[in-house]
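So the chains spell out like this:
There are 2 protein chains.
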Amino acid sequence: MQSFEIDKTDLLRIKTALEGDDAELQKVLKEYHPSEIAMLFEKLPQEAKEKIINILPTDIASEVISEMDEEHRPGELLINLHPDKRSEIVEELDYDDATDIISQLDEHEQKEILEDLDQEDADSIRALMNYDEDTAGGLMNPQVICVKMGMDKKQALDEIIRQSEEMEEFYTVYVIDDAHILKGILSLKDVIKARINAKINELVNNDFVYVKAELDQEEVAKLFSQYNLTTIPVVDDNMKLLGRITVDDIIDVMEQESTEDMLKISGVSEDEELSGNWKEAVKSRLPWLIINLGTAYLAASIIRHFDSTVAQLPILAAYMTIIAGMGGNAATQALAVTVRRISLTDLTDSQAYNAVLKEFLVGLLNGAANGIVVFFIALFYDGNPMLGLVLFLAMTGNLIVAGLTGSSIPLVLKRIGIDPAVASSIIITTFTDCAGFLLPLWFATHLLLHTHVK
Amino acid sequence: MQSFEIDKTDLLRIKTALEGDDAELQKVLKEYHPSEIAMLFEKLPQEAKEKIINILPTDIASEVISEMDEEHRPGELLINLHPDKRSEIVEELDYDDATDIISQLDEHEQKEILEDLDQEDADSIRALMNYDEDTAGGLMNPQVICVKMGMDKKQALDEIIRQSEEMEEFYTVYVIDDAHILKGILSLKDVIKARINAKINELVNNDFVYVKAELDQEEVAKLFSQYNLTTIPVVDDNMKLLGRITVDDIIDVMEQESTEDMLKISGVSEDEELSGNWKEAVKSRLPWLIINLGTAYLAASIIRHFDSTVAQLPILAAYMTIIAGMGGNAATQALAVTVRRISLTDLTDSQAYNAVLKEFLVGLLNGAANGIVVFFIALFYDGNPMLGLVLFLAMTGNLIVAGLTGSSIPLVLKRIGIDPAVASSIIITTFTDCAGFLLPLWFATHLLLHTHVK
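Chains as they are written, first to last, in our numbering: chain A, 10 to 463; chain B, 10 to 463.
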């Protein structure tokens, strides 16, 4: 199998079926996985989506809705359905998915949906809505399979089968005491393989990884990756079991965090959706560009300061853009490596020190290598060895500035608790632009035109 | 719990324990999860790692080795162990992990390790070594739980328990026929919940997602994300079951692919390890910088072409760096959004067309917004409204160039089968640098200095 791509044939089939009778539409829809229908929805108008949801069996409809990307507004689809159909679908959803979808709506719509639900479902969803969506609490599903300490194998197995009626899939059984305090974990395999009169107390695994509900989702994702987890229990301050987070939600978090890193480092605000419209894109990017305009004036003011040097040697106007541009690119390289490294692991002091030292060395060597090329071009093309020397020194110097700022700024930001990806290339290139203009102009003024400058 | 960070206290404890007696060291090590010991290894010398591996129980030692990052060379650790200890550890490893680790070694070392193993283990590992490590075959573990069509509940359950002795964790039971052809999947829960005399034929789920062994790992990861999978079966061209891929391996793939995207787009070769040394970094980045040096000369040659314009209006030397720099940053924004979007989903023709159109519009609007600022600065600070107009037009024009190239180049590369992240900012900024110099100089020449130019 390949990953599913929406192609014109699929869309055409669905669109044709939408115009035909219900039986035909149902037949066509049966050939698609709920995830695929969710993807097809990205290309269909609102009425078509509603028609399809209404015709699908409730369990499939709810799976389709839970698979829709947040940015394609499953909440809006839900609110427009008939209240009975809507409640059926919401009750079929996992609580965490229901919460995410309902949270998209405005307060009065949320109330409308919640009022129609069973008291128990409504309460569970309301409780989940209190957690910040970027935390473990915001990711967790309160539906878990629990057995109690003191049960024997038979009791535990009966309990697991009874509770799993309502759950599609589970990987871990949680062991709690009477006060709902999490005592350990078990796999279904452990229970089945145990001898017939085994007690849970003997089977339970007490050495497990858990998270508090307030933990940031990025930290939760790191735990999944570090300990190769499929699921993690979420507890409160007293170790009371609140729910569990499964790895499929973590995959979404990881995609989201990687996207944010890549956008932020490129000077795009993290709020911009990848498939957002132009208004959103302008709103997200213009502030960074305006900041950059300010820093560009700062860099340009350096050039103005050396007006007489440029006037005497206009070729410098061309060369200094090369030095500045090369610095910007070298800084982007150092920045990308450092930001990505920080977001995957936490660096110790000595690792951070070594990272900066490495980038200094890389800047020195890459700077010297490019500097030699520039030197020879100045020597043979411009016939000016002193200009070559000026450019060699400026290139080496600016690539050192690039390495130092590209690595140290994100590391320092991380230490003081600011997201290191904010050290976007826009900020870092301010340094390399300034140094890229200052260094060649200063060296030129002092080494080439020394006698002409007062 | 927070994600584990190696701090000085942990390192000091381990180092002290390493100097003490074995019992003390064992006691200290017991307090750490195998993943944590693997992380501590990153900071310990080779002899310390060997001592710890030798003292740990074999199952823990093999878990530690399988948790070590590839770049910290678990293979080298393995090859230096006593052959008996080494074989015990390798036999405890999952075949896919053993294959990855042994593949790191040179041919003669591989042979040395494989010769000491059981025939069966050695054969399985040799078979896996034939798959490209970036494909489904390279990720899969051939150890799966299988039951046969025609079995009843009791037979199936016995078979599952028997086979699961050797496996730490499993989520899915695969149903095969006598020729080992994959017929469907089952969860352990389905088997347990079935009535006592149920047949596998009635329980089996025939609608499942699978992959061929040759599929690229990036496509495999997309399937996990699209269908929210925890595990996927790997088959050959005849649907014969070869193994399974679990989600923990996919998390590693996703981290690796995101890192590659971010590095490539920033002009860092994908071979550079995040924590690699300076030699590796220079080797990975210098080629891009040299390419950029060439393109920078190309852009600078435009400036030389307008020598007389710059000489007449030296202030343009400063302003054109602002226009070019702003274009570079706007292009980086458009590029990051486009590359990330392509790597998460496949765009249809009309989506691709709309993406370019959106970036054109964003470029026009952000260009005009920044152009107005530059216009007023030229008007009030330089007292030159015509210069303001030149800069307004150049800024708007260059940000349109930025939007168009930043979005269309990666899309075109994707269509012709080249990795779109290769459209690194280094390549894209060549366009914005050229246009950033050409536009203000050309407009200035024709609008401001028209009469002076021949």
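Treat each hint with caution, since some may be false.
[What the hints assert, rightly or not] Reference listing, derived: stretches of chain A covered by chain B, where coverage requires no fewer than 3 residues with Cβ under 8 Å from a Cβ of chain B:
# : stretch
1 : 58–65
2 : 152–166
3 : 292–306
4 : 315–327
Simulated from the structure, these hints should not be mistaken for lab results.
For glycine and all other residues, C-beta sits at the position ideal for the given N, C-alpha and C.
Name the hints, by number, that the structure is in violation of.
Hints 1 and 2 contradicted; others consistent.
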